[in-house]
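2 protein chains.
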Amino acid sequence: MSATEKVSLTSPILDYLQSLHQSFASITDGKVATYIPELGKANPDWFGICLVTATGNVYEVGDSQQPFTIQSISKPFVYGLALEDHGRSHVLSKVSAEPTGDAFNSISLEPGTGRPRNPMINAGAIATTALIEGKSAATRQRRLLEMFGLYAGREVALDEAVYRSESETGHRNRAIGHMLRNFDILTSDPIPSVELYFQQCSVSVTARDLGIMAATLANRGINPVTGKQAIRGEYVESVLSVMGSCGMYDYAGEWMYKIGMPAKSGVSGGILAVLPGQLGIGVFSPLLDARGNSVRGISVCDAISRHCDLHLLNRQSAGRSAIRLKFTGAEVGSNRVRTPAEARTLSQLGRGIKVFQLQGNLTFTTTEAIVRAVLDDVDTIEFLILDFKRVQTINESACRLLYLVLDKLAEVGKPVLFAHTSRLLLIRRYFKLKLGDRFEQRFHAFEDNDLALEWCEDQVLEKAQARRPASAAVSFADYELFENFTEAELKAMSELLQRRSHRAGEVIINAGDPASEIYFLAQGSVSVFTSPDIETRKRLATFSAGMVFGEMAAIDRAPRSAMIVADSEVVCDVLSLEDFERLDSTNPGIKIKLLQNLSLGLCRRLRVANRKLSVYD
Amino acid sequence: MSATEKVSLTSPILDYLQSLHQSFASITDGKVATYIPELGKANPDWFGICLVTATGNVYEVGDSQQPFTIQSISKPFVYGLALEDHGRSHVLSKVSAEPTGDAFNSISLEPGTGRPRNPMINAGAIATTALIEGKSAATRQRRLLEMFGLYAGREVALDEAVYRSESETGHRNRAIGHMLRNFDILTSDPIPSVELYFQQCSVSVTARDLGIMAATLANRGINPVTGKQAIRGEYVESVLSVMGSCGMYDYAGEWMYKIGMPAKSGVSGGILAVLPGQLGIGVFSPLLDARGNSVRGISVCDAISRHCDLHLLNRQSAGRSAIRLKFTGAEVGSNRVRTPAEARTLSQLGRGIKVFQLQGNLTFTTTEAIVRAVLDDVDTIEFLILDFKRVQTINESACRLLYLVLDKLAEVGKPVLFAHTSRLLLIRRYFKLKLGDRFEQRFHAFEDNDLALEWCEDQVLEKAQARRPASAAVSFADYELFENFTEAELKAMSELLQRRSHRAGEVIINAGDPASEIYFLAQGSVSVFTSPDIETRKRLATFSAGMVFGEMAAIDRAPRSAMIVADSEVVCDVLSLEDFERLDSTNPGIKIKLLQNLSLGLCRRLRVANRKLSVYD
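Read top to bottom, the protein sequences are chains A and B.
If you're matching positions, the first sequence starts at 65 in the numbering used here and goes up one per residue.
If you're matching positions, the second sequence starts at 65 in the numbering used here and goes up one per residue.
Keep in mind the hints are simulated off the structure, nothing from the lab.
Glycine included, C-beta positions come from ideal geometry on N, C-alpha and C.
Worth double-checking, as some hints may not be accurate.
[Claimed, not checked] Pulled from the structure, derived: some chain B residues nowhere near chain A, Cβ distances all over 12 Å: (1) 224; (2) 428; (3) 486.
[Claimed, not checked] 25 Å max Cα-Cα, derived PhoX-like pairs, lysine-lysine: (4) 390/B with 453/B; (5) 453/B with 390/A; (6) 390/A with 70/B; (7) 322/B with 453/B.
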């Protein structure tokens, strides 16, 4: 088939959910809840499944967009808002976090304090709802709806009929409210909070909403579809903890054992399950078992967990996954082209420059592996470069470990360089806080690994007294391409070369230009860049005095492949391609020497490139 | 400081544990347990901490090697052995997995069935111990000790004094045994199982042992220090589940909420905590709180969890971490050196060859991101190469998703190639099972990405009718280095070349040999390898008829850097370096053309290498 023919394939994950839907649709066990009369109107055939990854890919099948009221699934979300309003310790002083092994409507207050055992039973949820801040009932309701909207990624509203039905029949919950008032868990009139509780239970959602809400918790509070933050990341673990220990009523232990995902169910038939860092699941089917959990919902979650091996506690060791690549400055050098003498020095002493390319999420555990690898190598490290280009996130405990490594290496005179950290604000903030006055001196930050390598190479060359001064102009006889030339040959060449000057920053060659000249660099340095955009451009090479540039296009007659810019005041001697070619007949001896030196330069660069490739590949 | 000076730095993680030890050693709250008289002899000052990563790095401070009896911490491990002996459903029929919110010595049997609520309370643990297989009491005891030895990574033994003390005072546990017999949870004399229970509680361990045992559970059952399997991986999630919901007695909910790691404590003062996939912690300090948990142990675990951000439910999204790199065959080609015409074709049509380099642990979630990326690109994919070189593990659900991708792409005529899968036995087994007769035809497995790329390139070139037949011999005039040569120049060269033949597999050039010749390949192909070892060697290049090889060393006079082997029957024309040099004076026109063509070849290879580098770096 041709590459241009449009093909669209359904995802195998969607196919899989479809097959689950088909096989579990035939389950008709269970009963639609009737204790709130309005819920009894649900169609027992409704059945929707939605799986959403923590990266925001949504897979949904069946009646995934059928609205229903959220009921008890609201509890963990309101609990999260209470944590944001009051902090963990105050909330824990009002509602404990112990599973009861009891049913959802059990009162389960702690003897003595009257503290509800956990926020997933009604008593705990009413105490939680009472904590939601707001000057008026309307404000409190609006805040709840806004919060649900952030999680679901759309505006949500109350189902007024269900709310009225709940309120009309909610005597037991009013009794709980007064009991909580009796124990001073609620400190004012309980009735408005009980009403707000009825309202939160009556928010209208779909299985798709539940899937996205679950994925938001899986993504540490950021809705992966909209990118908006629904809850501060630090509270997500608490919300998931109460779901994990108490979310499925008196089925919580077995649920965690078999299915292994923090979850919450509601009597309208929804189940929401979260695999932190990975995905969320929303299922809706109103047929309930005796414990009040959706029969098909449990079957679906159980099947997905088993088939896809999703149990939270079934984990492979991540191993050394934070270290993408390790190499030395002798294997991979900076893109500054070194003289043959410098290159020889670096091929030995460059071994003391160690580069660790890091990747993924840096946490205590992944960073421990980095620390261990650094300390294992410490004898051979003179300079340590940590390259964060592919690091997605870093947390404070990872910063602390890296800071301690820097501190220890600084004690023994080994600098640590940081490349590509500008995106990762926490690193800079953490190191500034810790280093104080010593920050500028000790926190060596570089735009990229290439510049960090160059800095280390310069240090190594300085110390070995092998560095050619960057500013020095070279004489004609020093051009690498004139190696082995006689005085007469040098003189002949001098007549062909045309001297030019460029200011710092001036573009000497543009990408796409036809190649018509070869440049001999007499003074200053020039750099080759991929693109003219100073933000995104990447340095491909830097040449210094004595070197030739622009010769490749002269050989293969391809248009210029990159742009070349003067780094400083630059003086060049320019040879036109016509003159270069004419040498075939006018002075073949010179031409042979030029070509030989030119081939030698290409050979060296090819060997450098091949050595880098053997490291990277 | 010099690179050769020996430096040894203590790990910051060890420093950190030391500081924790120091600050918590001053806590003297709590009491040493006395209900087993022998336990009362413990020194209240004993305090050891050990943290072990799932990769097997052990960090230990204080009295980490002080022996004590394991007590209730034995329960999850014996539960694991019962699962191995009988499977999950039989074990669940004897002992449930619901938290009770009750104290450790509560009897908590399920009404009706008499099933203990969970295996972490004494009743559940005795029922579990009764499930341990073995013909005699001695065999059963030996099996338990062997199991603990695998987890701890050393031989462990009973503390006989504690065992006698337990047995002499264990009347309540005998009562529980008889009660379990009454409900037919135990089906034979309960007393031997109660004795075995006393023995399991009396196994002598250290905080270091607990750390390694915890890390073994964190590493899915494989002791990361010894590499030996202590429990089948599939049962680890169940062991951790009961620890998570019931491991800390009536403190389990709050523990999970605050500390977020499945854990188990014992009345001798040990606590063991597991962060799956990451690390294990063992703490020992015999001062207990009212619930029977070690006071310092809880403080240490709480501090480590907070400082190091270890809560199980606090996770960043792994994102697209399974895709290390994505590129096309137009950006990175195989190491078969193509003719300029072939290279031009591939620079266009190579775009249809898509390579995904994968990494890390392939699970449902990480593989979903791969599947999504493939399907998003499906229109532009002609060939898909999945490179598993850096994949650590793969599970069955990942295999299933990859199989479904292969199946869908096969339907629309797009082959999927697998590179570097030989280590990952599950892939091959899974695909064989699924593909049956079609396995050979559809499962394209390649040793490495390079060979997979070459195969795709050949297909692309065949289809575009742009492939030079591999077997064809070329005439003199076809040598790339003789481009633009006149008849007379060809004749002059022919007099300098010496024809040689090599059998398939013959080594033509050895690494380290001095360079004395340039080779023109008339027939067959040769490959350049890093090493002579056929198992580990990597192909650096393959040249075919018409091409030159061995020319780089001729230019820079370096010894041969790699070995060159005949892939097939090979015919070469060989030019000695003496003759090559003599051309400077005898036929400078030819020398210039040779050098020009040679530089052109080097230029092309340098551009190819630079393009690859821009992808890899």
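Do the hints match the structure? See the list:
| no. | hint | result |
| --- | --- | --- |
| 1 | 224 | 35 Å, holds |
| 2 | 428 | 4 Å, violated |
| 3 | 486 | 18 Å, holds |
| 4 | 390/B with 453/B | 14 Å, holds |
| 5 | 453/B with 390/A | 16 Å, holds |
| 6 | 390/A with 70/B | 21 Å, holds |
| 7 | 322/B with 453/B | 39 Å, violated |
The structure fails to meet hints 2 and 7 from the earlier list, while all remaining hints are met.
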